[in-house]
Each structure stands twice: as structure tokens, then as C-alpha cells.
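Visitor: Chain by chain, the residues:
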Amino acid sequence: MSLFCGSVKIIDNVEIAPGIFRMGLECPEAAESASPGQFLQIRCFEGLAPLLRRPISIAAADKDSGMIEIIYRVVGEGTGILARKTKKDMLDIMGPLGKGFPVPRGLRRPVIVGGGIGVAPLLFLAKSLKENSSRDSYGRESDFCGLAFVGFSSGEEVFGMQFLEDCCFNVEICTDDGSEGHKGFPTDLLEEYLKHIMPIPASNRENAKSAGDSECTSASSAILPEAVYACGPEPLLKKVKQIASMTKIPTYISVEQRMACGVGACLGCAVKSSGGGYLRACRDGPVFEAHQLIL
Amino acid sequence: MSLFCGSVKIIDNVEIAPGIFRMGLECPEAAESASPGQFLQIRCFEGLAPLLRRPISIAAADKDSGMIEIIYRVVGEGTGILARKTKKDMLDIMGPLGKGFPVPRGLRRPVIVGGGIGVAPLLFLAKSLKENSSRDSYGRESDFCGLAFVGFSSGEEVFGMQFLEDCCFNVEICTDDGSEGHKGFPTDLLEEYLKHIMPIPASNRENAKSAGDSECTSASSAILPEAVYACGPEPLLKKVKQIASMTKIPTYISVEQRMACGVGACLGCAVKSSGGGYLRACRDGPVFEAHQLIL
Amino acid sequence: MDDRFFEREYNPYESDASLMESKSRHADFADISVNICGIAMKNPVMAASGTFGFGEEYAGLYDISRLGAVVTKGLTLERRCGNPPPRIYETPAGILNSIGLENPGVEGFIRWEWPRLCRSGIPVIANIDGDNANDYYRMARRLSELDGLAAIEANISCPNVEKGGMAFGQHPESAYEAIKAVREGTNLPVIAKLSPNVTDIRQIAEAAVNAGADAISLINTLQGMAIDIHKKKPVFHRTFAGLSGPAVKPVALRMVWEVFEAVRVPIIGMGGIASWQDAVEFMLAGASAVAVGTANFIDPFAPLKIISGLKKYLIGQGIRALNEIIGSAH
Amino acid sequence: MDDRFFEREYNPYESDASLMESKSRHADFADISVNICGIAMKNPVMAASGTFGFGEEYAGLYDISRLGAVVTKGLTLERRCGNPPPRIYETPAGILNSIGLENPGVEGFIRWEWPRLCRSGIPVIANIDGDNANDYYRMARRLSELDGLAAIEANISCPNVEKGGMAFGQHPESAYEAIKAVREGTNLPVIAKLSPNVTDIRQIAEAAVNAGADAISLINTLQGMAIDIHKKKPVFHRTFAGLSGPAVKPVALRMVWEVFEAVRVPIIGMGGIASWQDAVEFMLAGASAVAVGTANFIDPFAPLKIISGLKKYLIGQGIRALNEIIGSAH
Ligand SMILES: Cc1cc2nc3c(=O)[nH]c(=O)nc-3n(C[C@H](O)[C@H](O)[C@H](O)COP(=O)(O)OP(=O)(O)OC[C@H]3O[C@@H](n4cnc5c(N)ncnc54)[C@H](O)[C@@H]3O)c2cc1C
Ligand SMILES: Cc1cc2nc3c(=O)[nH]c(=O)nc-3n(C[C@H](O)[C@H](O)[C@H](O)COP(=O)(O)OP(=O)(O)OC[C@H]3O[C@@H](n4cnc5c(N)ncnc54)[C@H](O)[C@@H]3O)c2cc1C
Ligand SMILES: Cc1cc2nc3c(=O)[nH]c(=O)nc-3n(C[C@H](O)[C@H](O)[C@H](O)COP(=O)(O)O)c2cc1C
Ligand SMILES: Cc1cc2nc3c(=O)[nH]c(=O)nc-3n(C[C@H](O)[C@H](O)[C@H](O)COP(=O)(O)O)c2cc1C
Ligand code: FES
Ligand code: FES
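Chains as they are written, first to last, in numbering that gives the first Met the number 0: chain A, 0 to 294; chain B, 0 to 294; chain C, 0 to 329; chain D, 0 to 329.
Below are the DMTMM-like pairs computed for lysine to aspartate or glutamate, each with C-alpha atoms no more than 25 angstroms apart in a straight line:
id: 1; chain 1: A; residue 1: K84; chain 2: A; residue 2: D61
id: 2; chain 1: A; residue 1: K86; chain 2: B; residue 2: E45
id: 3; chain 1: B; residue 1: K86; chain 2: A; residue 2: E45
id: 4; chain 1: D; residue 1: K231; chain 2: C; residue 2: E323
id: 5; chain 1: D; residue 1: K304; chain 2: A; residue 2: E28
id: 6; chain 1: A; residue 1: K271; chain 2: D; residue 2: E55
id: 7; chain 1: B; residue 1: K8; chain 2: C; residue 2: D298
id: 8; chain 1: D; residue 1: K232; chain 2: C; residue 2: E260
id: 9; chain 1: B; residue 1: K86; chain 2: A; residue 2: E76
id: 10; chain 1: A; residue 1: K86; chain 2: B; residue 2: E76
id: 11; chain 1: A; residue 1: K86; chain 2: B; residue 2: D88
id: 12; chain 1: A; residue 1: K98; chain 2: D; residue 2: D62
id: 13; chain 1: A; residue 1: K87; chain 2: B; residue 2: E45
id: 14; chain 1: D; residue 1: K230; chain 2: C; residue 2: D30
id: 15; chain 1: A; residue 1: K86; chain 2: D; residue 2: D298
id: 16; chain 1: B; residue 1: K87; chain 2: A; residue 2: D88
id: 17; chain 1: B; residue 1: K194; chain 2: B; residue 2: E233
id: 18; chain 1: D; residue 1: K304; chain 2: B; residue 2: E76
id: 19; chain 1: C; residue 1: K232; chain 2: B; residue 2: E233
id: 20; chain 1: B; residue 1: K8; chain 2: A; residue 2: E14
id: 21; chain 1: C; residue 1: K41; chain 2: C; residue 2: E55
id: 22; chain 1: D; residue 1: K230; chain 2: C; residue 2: E323
id: 23; chain 1: B; residue 1: K8; chain 2: A; residue 2: E45
id: 24; chain 1: B; residue 1: K98; chain 2: B; residue 2: D61
id: 25; chain 1: C; residue 1: K231; chain 2: D; residue 2: E260
id: 26; chain 1: A; residue 1: K8; chain 2: D; residue 2: D298
id: 27; chain 1: B; residue 1: K84; chain 2: A; residue 2: D91
id: 28; chain 1: C; residue 1: K230; chain 2: D; residue 2: E323
id: 29; chain 1: D; residue 1: K230; chain 2: A; residue 2: E76
id: 30; chain 1: A; residue 1: K237; chain 2: D; residue 2: D227
id: 31; chain 1: C; residue 1: K304; chain 2: B; residue 2: D91
id: 32; chain 1: A; residue 1: K87; chain 2: B; residue 2: D88
id: 33; chain 1: C; residue 1: K304; chain 2: B; residue 2: E28
id: 34; chain 1: A; residue 1: K84; chain 2: D; residue 2: E89
Computed list of chain C residues with no C-beta within reach of chain B, every gap over 12 angstroms:
id: 35; residue: D27
id: 36; residue: G37
id: 37; residue: R110
id: 38; residue: C117
id: 39; residue: D130
id: 40; residue: E172
The hints are simulated quantities; they were obtained by calculation from the structure and are not laboratory data.
The structure displayed is predicted, hence computed values, not measured ones.
Glycine included, every Cβ here is placed at the ideal spot set by N, Cα and C.
Excised from the complex, chain A in its bound form (with noise of 0.2 angstroms):
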């Protein structure tokens, strides 16, 4: 297992949205074997006091630079330090850990369900769904269109659409007092989305080939969401996974939970698994397929 810790250089750490900051940290090691939907455990004090680590997903990493990027919302004392952190200082980091999204290859057209911070990692999957979208080097750019359904409490706090759409998504922002985009959830959308273009259940077959308002069909209406992410609050997660339950379309979502190791030996972070017992979030997750949780 390629697991580093140990202290590495920041590079940056700028506020891109109110309370809302990206840290870029130098960490080749890291870097080097990251994989989207994977998170960090971050020692945010050197003392003891905040004591544990903070679990924080890579957003970014880059294989050539050696540089890995976090973004974190203000929300506790752990998350205050980290954001008084300046360039010149140095960050205890533990990670690549966890299982991350599936990334496989020639997706056409993923889809990404994100709430907030839960945006966070899904830049570094979008990111990896495109680079993967193809496995030679023509007809890509026409071919492959994600589609983003993001959801923020206001439009001041929306951060990512530019990256999205850079990786060839397709973006549509809710937020909840309509400030920017719609006026409502993410996960209404990706209803929507669904009932317009699936061919499930199969009595609504019909209803599906005539989806012609969604957005990408311009491009490719033919295509089905080969696999539906979602990162984001529970609440999300949850109509995620219901929304799943009546596709057959695999559903992959990113849990959160109070985490001491990280590395999946001190059972601190159960997460309710539908075979029974409990699951990991650090190390059999933090992406599960939606099926395996009761949430």
C-alpha cells in the first residue's frame, strides 16, 4: 500500500468563496497514487488539542507536479486552523486513504450529484472521468459529456463550475434561496433528468427517447448516464440512493463520518451496511455503491 505521512509543504491556501478555502499541498507521494474520492487525514495542530486528524478529500492531484489540492469549509476549530495555515508553513498529512470512485474507462456520459463541499472531490473525479473517457485520441472532445447537478446554499458559496465545465460537464447549480441557477435541490434535477431520459421503468420507455429538453442532448441524446456520483450531505445521499433504487444505473456515493484512524483499525467510523453489520467509511469506503448502505 502506498500510504505516505508525514509533513508536507503548502503552497497555497486562499479563501474561494466565502469560508470556503483551497489549500494546494506538495506531496509527490500522494499525488503520485490518488485516486478520486479519496480523502486525506490532515493534522491540523501540531498539539493535542484539536486532537485527531481531519478527514478532507483530495480535489486535486497531479501526477507530474507533484502537487495535491485540498477544499475545506470553515466549520470547526480543526477546519479554523487550517485555514490560518499560510504558505511558508508545513501540514501533517496522511493519505491517499480510502476507496475512491470507479473510474472506469470510455464513460460517455456520467453523471455527478454534488451538495456543497461535497463538491470537493467530485472536481478530481470529473477530472478523471474525462481524462478516461476515451481510449484513443479522436472523436473525444465531441463524445464525452458529463452532466453536473450541484447544489449550494446561495450563490455566493458556488466554487468548481468553471473546472466542471472545463472537464466537458455539463452544469446545472441549484441553490436553495435561487441566488444562482435554480431554485432548489440538485436531486430534483437528477429526477428530472432521469424520468426524461431512462428507459426505466420500462412501461416509460417512450417517455425516455423524447427527452429532448435535457441539456446535453444536443450533443448525444441517445446516450444513457452510464453511472450516477454523489457526494454531498445526507439528506442528498439519501434521494441519491432512492433515486437509484428505481434505475438500474450504477450509483456510487461518498459518505461522511466522525473518523479517528482513518486506516480502518479502530471501527470508529461504522456506517450502516445493508448485508448487515456495519461497514468502514475510511477504508471499506468512503464511496460505497448506493445499494451496500442503509443510510
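Starting from the structure of chain A, add chains B, C and D with the ligands where the hints point.
Guide: Showing chains B, C and D with the ligands alone in chain A's frame:
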């Protein structure tokens, strides 16, 4: 009581010798009322570990600019965190606390004895002694000539000497390793000096008169020290106390003790009183007359 | 599924600030006064014994009559010098102390501290510690002569003295004996202050109530120690010392919870309380009032911040009186 | 007065680094191997039960055979799913956990974990927890069949289960009963793991030794709790949970000190150990070995740093063998 407690701006935080920092703070309230020998209780970290405030002496205070200064040595977690603060940061301080050095008007030959970081509060003292040395404005320069015996581990740790000289102190430096000034301890010099200058014991009166080789004698060989002030490690204070017991010169020592509250409420900082029982370093001190304590 | 989930859930753990936002236009006032076994306090936040001297030391920073009550440093029959230094040692998120009940004795207190304290306009609770039951009785009787003393807190839990102290609080029988002695010595409200260094705190609380305690306060310090690895000797003269501060909060909270289920008298909760959130936890667990100890040393304004935080919390929750939340997490 | 005082005293508290500077030219080697009731360990640093899985999880970071020994997650007779989440809650310098003994059961352990573990080249200690004495007996017997198991640690202190667990460790009689059952089931060394949630730890240790324990390990977690002030309910399903980490160190150290004075068997000290200085404190208090638990989560290399720190400390002090310092602060 004019006690300040709150967040103040850090003006600068500079390493003035290896592991020794000087920090400037903007705190008009404390600058207004501080007297030499008093200290601050500093919260080095806003979290819960390290938990207690750290007592640090006030090394300078300027009523006009509202600035105070501390000089501290990095020895552990708290001072380590302090050293990493920068001028944009705020610092939670409480002070001025404790009973400082008495600074009577009109002294002409005060003697200060400092060891290592213990020199810090003596800088403030030296300035005050100088400023109070004469009630009138004439004849002051030639009249006042303090003596400073200071010790450090090695030459590179020396700080504040120019400042002492600017305050009209004749400075004698000792180092443990002889890398600067005398090899030995400042208390040796104190002892030697007093032996020569002092009319005590009475049988030695003649010796005292002939002490023409002492540093200040060129200026005013007839002036006897009116007070001795000491701050430094416990063995230094012990020795000063022992020397003091052989003279009649009022001798003041500033002691250190582990503290919790810093205001006299917890009885945590007990120092043994020669009158029986204990005194509180934080409130009854940290400056005591040497004979008040059992060291 | 809650339709408005995003509003709450994008910030996955609802921030504590949101707890303090007024939910109703009418709840702009909350009554945080409490009456604990006859001690009328304008708010439930007291200064814990031994961390606030005799109320004078922090008076330079704020008007101490803003507190709900002040508990004195532990008093003994005769004055005591206390233990030799060091008396304080920092531990992770806590401190060890071995003060050893330095105090002017009951008579010294009455002569030197009480005249000022009784004019301070704040309920004063005298904390007493005896070597034996008779000490407790005599101190309680003598203190009852004071006009205006609010209550007596019988400390049967001091870990830093040769005799008495914690030993009383570690067994139901001796706890009963000590509290009984106090009860017989006074008509003032009697608060039994318990030691956490026991297998079953409920038994001790029950014994104290059976002996006539009108309220229970807990916890006193956990027994701990530290070793100086340079000298290869215990840091403290008396080897053991008392652990307090945020580090012990989870233990203190658990004991308040347990005692709330065991006895019917009011509980004064303490042990690591440093914020209004901590205070709310203790009240939900069953404390009718809280005492702030070690936190005074870290932030002298902590008690005031707790008072105003509690008030805002209640208003934010649309709760008009504090006692609606006491024990409500059970 | 020490003539060379300045050399030491200008830096008023001798730095810990100086403790590690070699004092003599000859002491460039120190033996830190220990043999605890027949468990030969190349160093005295073990991974504490429940914080190190079955030794596999940290193997991605370093060769775990560098540790003195590994203690398994607590095993029960039948496999268990453990408690519902949340299972972990951070507190000041500590954590509360309520895992609830999720484990594959003794048979699952033997089948799935043991084959790999027994080849790891490191002493493996099986930690067991029973609902009743018979459970302890049966598990001990079954585990004794394993070829190469180093010892059995009988956990009579788990606070997070319905039956058994901590209740056994809170009274001398039941502690005796549980340990006796283990003793009867095995010829392997038996380690009794004690709960700190007792009035007098010495009594429990004595009972365990009388029942045949070859060593004592302590402490397990302190019982604590937390309340969610948003939901106004306890954070944990089972209300109470176990407190571990640096916050509890002073209490753990005190108990090691007490038990060292009460019994003659070796002690495995744990509770908040995060640095080599902590480990030295425990050894000076009387621990022959130490276990690192919570600190693994904060710094996975903590056990390795402790091992090398201990070695340098001994060399710096001119001490050739670890057992010269064990208990030497008494
Ligand atoms: C696998 C995973 C990936 C994550 N990725 C990101 C990310 O990319 N960006 C981001 O901003 N946040 C992410 N989070 C959430 C992030 O871990 C928490 O916001 C953070 O731990 C809060 O720490 P704090 O000290 O600021 O807050 P506090 O509330 O002070 O933390 C107190 C304790 O609760 C735990 N905690 C608090 N919130 C969470 C949470 N949502 N999930 C798990 N534990 C929590 C903390 O780890 C800590 O132990 C992720 C969580 C997980 C489990
Ligand atoms: C009245 C007074 C004035 C002081 N003035 C200065 C000054 O001007 N400059 C300076 O560098 N130092 C000064 N000190 C010493 C300074 O307080 C300690 O060096 C500092 O507390 C160490 O904190 P730390 O966290 O870095 O070290 P750690 O060793 O990690 O501290 C651990 C604990 O021990 C206490 N402690 C450690 N050393 C001392 C000490 N020498 N005295 C009292 N408590 C201690 C700390 O406060 C803390 O509670 C003064 C001490 C006192 C009592
Ligand atoms: C320095 C100090 C002195 C104390 N002295 C007393 C005392 O005299 N009598 C008493 O009943 N409790 C005493 N205590 C215990 C506190 O009142 C309180 O019960 C304990 O510290 C837990 O609360 P905390 O964590 O908020 O400090 C003392 C605590 C400290 C830290
Ligand atoms: C997450 C977690 C799980 C634990 N599980 C067990 C267990 O199964 N059996 C046991 O005897 N002790 C268990 N413990 C207790 C530890 O082994 C140790 O005794 C305790 O945590 C104190 O040490 P520490 O402060 O170094 O963690 C567990 C502790 C933690 C934090
Ligand atoms: S956090 Fe320890 S097992 Fe997942
Ligand atoms: S530090 Fe509290 S009395 Fe001095």
C-alpha cells in the same frame, strides 16, 4: 485596579538571539499602568492545549505610543507557538500583573544582576531607574551611573546590552563558556564589587574606599549602591540573597513559579515566606525583598 | 425527507451560532434565574471553590456580582499553610493541583474575608473541609452564625490533604457521616460536594441526600499524578494531585447524568466547563446550576460569556425559563 | 550551590533533549528488551487493544514487527456487529469511543486473522471479553490451542457493552471470578486489563493477581459521555462511552503507581501515552511495558518514536537496561 484582559495587536515578533524573541504589542491600557517587574499572562493558543496562560515579564512599556514589549525564550509548547505568531495576528493578554520592582526617585548607583532571559524585565527597570534618577533636569547624565552584571550561557545569547548602556548602566557581561566578557557568573562580579566598595563588614571599610578599580569609579567612586535588583534562574537569586544578607543594601529579587490564575485566586504559585507559610508569586510578587523569602 | 434539508445540511453540522438565533419573534427574553434549595441566584453560573479566591482577585476585571454565586476557597477549622510548591502542573487540556487547602481558617475567614464578601451583593457559599465529622459540625455551626451566608458546601472530596477530604467522599458510610455532621450543625442549605474517584457515584449521592444534603455538587478533581523525568520523582510532594479542566469534562458530565437519575435534589455541575455549550450540556444532563473552575484561569471572562451564551441559547430555542431544559436529555 | 548552575539553569527547565545526550562515552547501547511473564519482547512498546485492528491496518506505513507486541481488538465468543454510529467523539485532548466490541468472534479471529498474524514475527496478545465467567473460560481454552499466541489479555473493563465488560472490573469479587476463569482455561500468560472506574484500583489488582493473573494492564477507558446540544440527546446510543487519549494520562499514571505498590506482577501501562517522555513517566511509576492506543490515530509513528526515544533516553542517562528505571520514582 487597572487590569487589562483582551486581545491586542502584535506589532512585531523578531528573533533577537538564537531562540530568543522580542515581541511588540499594542496595548495602551497596559502601557499606561505597567511598572518594571510586572508581567503579563499570555494565552499562547486559543484552543484548550496548551491550556494555561504563560507568565512573561514586561520588558518595555511606553505610555505615549501605547506599546509594550516582551522578550521571551522558546522553551516549550507555549513559547513555541508564540514564536510563530506574526504581526498580523492578535494575542490574548492579561496584565499588568503582580508587584514590580520599587523604583524610588533619585537613585544614583542602582545595581542590577541578571541571568539569561531574566535580563528582560531588567531592561524596563533600567529605563525607569534612569528616568527617576533625578528630580530636576540638570546634572543627571553625569550623576547617574547604574551597574549591570549580566550572565548568559554564551556570547551569542547576549541581548539588550546596548539598551542598558543607553540607560547609563555600566555593563559587565559574563558567559558560562567565556565566549564573551568574563568567564563565570554575574554574582561573582557582584560579590567582588561589593567586597571592594562596601563598608560592610565594618572592619572592611578601608577596602571599600580603595575600590578604585571598579567600573563606575571614574564617574563617582564615592557613591554606594542604594539598591540591588536581580532576576534570573534560582541559583542566581539564591546567591544574590546570600550576598544581600551580608550587606544592608535593599535587595529585590524577581522569582518564577508555575502559575495558573496569575491574579492571586488559585494559590498555585506559592513561594516560601521567611515569615512562615507561603506567599503568592503572582500577587505578592513576583518581586520580593530578598529577605522575605526562603529560597 | 425534510424538504428544506439543504438549508441546514450544506453546513453539515448545524453551527452553534444558529442555536442562538431567535426562532420566534416573541422569545426575546429568557429567565435564567434559579433557586437551588433556597439559594436565589440571578443566573446559574457560580465560581467554583478554590479557583476564585475569596472573590476579590477577579474584581479588577469585572463586577463579580454579575455571577450567580461565589463559592469560597475550602475552609478548615484552623488556618493552613497548604502544600509546598510546585502546586500546579499543566497536563493536556487540564491541570493538576495540589494546593492543600491553604486558607485562613474559619475564624480568619469570618474576620478578614466575610465583611467584604457579605456586602458584595452576591450569594456566598462557604466551602468547608474537615479532618473528621466533628470538624464539619463545628465549622457548619460557626458559619451559621454569619448573617447572609447563602449555603454551606461540604467538600468531602479534597484529594490534597493528609486526613479527611476525599476519603470521606469515597464511601457511602463516611459520606453519610460527614454530611450528617454538617446537617446537624446548620439550618443553612447544605451542598455535598462529591469526589469522582469512586466506583459508583450514585451510592455516594444517595448517602449524602439521606444524611440531609439539600443539593449535590460534582465533580471535585480526579486523582492523578505526574512524574518529573529529570528528577525521576513525582512532581508533587504529596505524589498525587487533583486533575481539573476541560480534560475531565466527559467524566463530570457522565456523573451528573448518573446522579440526576439517582437522587431528587438539585445538582450543581462542574468539571471542565469552559463555554456556554459545555454549560448547556451539563444542564441537559441534569444540573440546575454550574460552577466554573479552571476555565477562570484561561479566560477570566468565561463565566460572563457562559451567562450571556445561556441566555441567547434559550431565546434562540424559544425557551422562556431555564428549568425547562434541566435534565431534558434523559 | 552548584558551581556550574548557569550552564544548566539559564534554560530554567532542563530541556528534554538534554536527557538524551550521552553522558558517558561507553553508554552507546541500551537494552530495551523486556520479558513480561514469559512474553519476550524486543522493546516494551505495544499497540493497545482496539486501536490497532488486527495489526494489518498500519502495515502500509511501517513494519509492525518493530513493535514489542500487538494486542488484538477485543474478542468475544461470538462475532459482534458493535454499536450503531456515532462511535467516536472528540473531547479536549481525548476521545470518547463506543465501538461496542465489533469483532469477528474467537472462531472468526482464528480463521481470518490468526494465520497472517502468527507469521508476522511479533508477539500477539489476544484480548478477550466475556459476558460471563464461562465465556472467559471457553475463549481462553480455545485460544490456547493456537500455536504461538503470546498471551491472553482478559479485558474486564469494556464500558461499551450490555453485559460483562466493565462490571467485572469494578468489584474485586467479580474481577477474581473472571480472571480465575481465564486462568483455568489456559496455560498461557494471563494479563488482567483493569478498569479505572473504581474507588480503589489496588483492590482490583490484588484480586486479579490472587486469581492467577501473571500481569496487570491498565488503564482501559474512563467512563464519560457527551450530549448533543442540537438534538438535546446523548451523542452515543448507549449514553456512556469510554474516554481515552492524553486527557486521561494523569489518572492512568496514578493508577500504575498505586498498583505497583500493591502487587508484585509486571504492569503494562497505558492511557494517553503519546511521547517517549510519557512512556518514561509510566516506567518510572512502575510499568514494565507500555501500550500506545489513541496516539496511533494522531501520529501513526508514535510507537516507533517512543521506542527510539526510550533508547536514546537510556543511553543519555547512562543506563544499560530498561528495568533499572522501572518503578524507580517510588
Ligand atoms: C471522508 C471524508 C471526506 C471529507 N472531505 C471534506 C472536504 O473535502 N472538505 C471539507 O470541507 N470537509 C470534508 N469533510 C468533512 C470534514 O472532515 C469536517 O468538516 C471536519 O472534520 C471538521 O473539523 P473541525 O475541527 O473544523 O470541526 P469540529 O466540528 O470542531 O470537529 C469536531 C470533530 O467532529 C468531526 N467532524 C466534524 N464534522 C465532520 C464531518 N462532516 N465528517 C466527519 N467528521 C466530522 C471532526 O473530525 C472532529 O473530530 C470530509 C469528511 C469525511 C469523513
Ligand atoms: C513572573 C514570571 C515572569 C516571567 N518572565 C519571562 C520572560 O520575560 N521571558 C521568558 O522567556 N520567560 C519568562 N518566564 C518564564 C516563562 O513563563 C516560561 O518559560 C513559560 O511559561 C514556558 O512555557 P512553555 O509552554 O514554552 O514551556 P513548557 O515547559 O511547555 O510549559 C509547561 C508549563 O510549565 C510552566 N512553566 C514552564 N517554565 C516555567 C517557568 N520558568 N516559570 C513558570 N512556569 C513555567 C508553563 O507556564 C506551563 O504551564 C517568566 C515566568 C514567571 C513566573
Ligand atoms: C487550584 C484549584 C483549587 C481548588 N480548591 C478547591 C477547594 O478548596 N475546595 C473544593 O471543594 N474544590 C476545590 N477545587 C475543585 C474545583 O472547585 C472544581 O470542583 C474542580 O476543579 C472541577 O472543576 P473545573 O474543571 O471547572 O476546574 C479546586 C480546583 C482547583 C483547580
Ligand atoms: C477506539 C478504541 C477501541 C478500543 N477497544 C478496546 C478493546 O476492544 N479492548 C480493550 O481491552 N481495550 C480497548 N480500548 C482501550 C485501549 O486499549 C486503551 O486501554 C485505552 O484507550 C487507553 O489508552 P490510550 O489513551 O492510549 O488510548 C479501546 C480504545 C479505543 C480508543
Ligand atoms: S476511522 Fe478508524 S476504522 Fe475508520
Ligand atoms: S497563580 Fe494563582 S495565585 Fe498565583
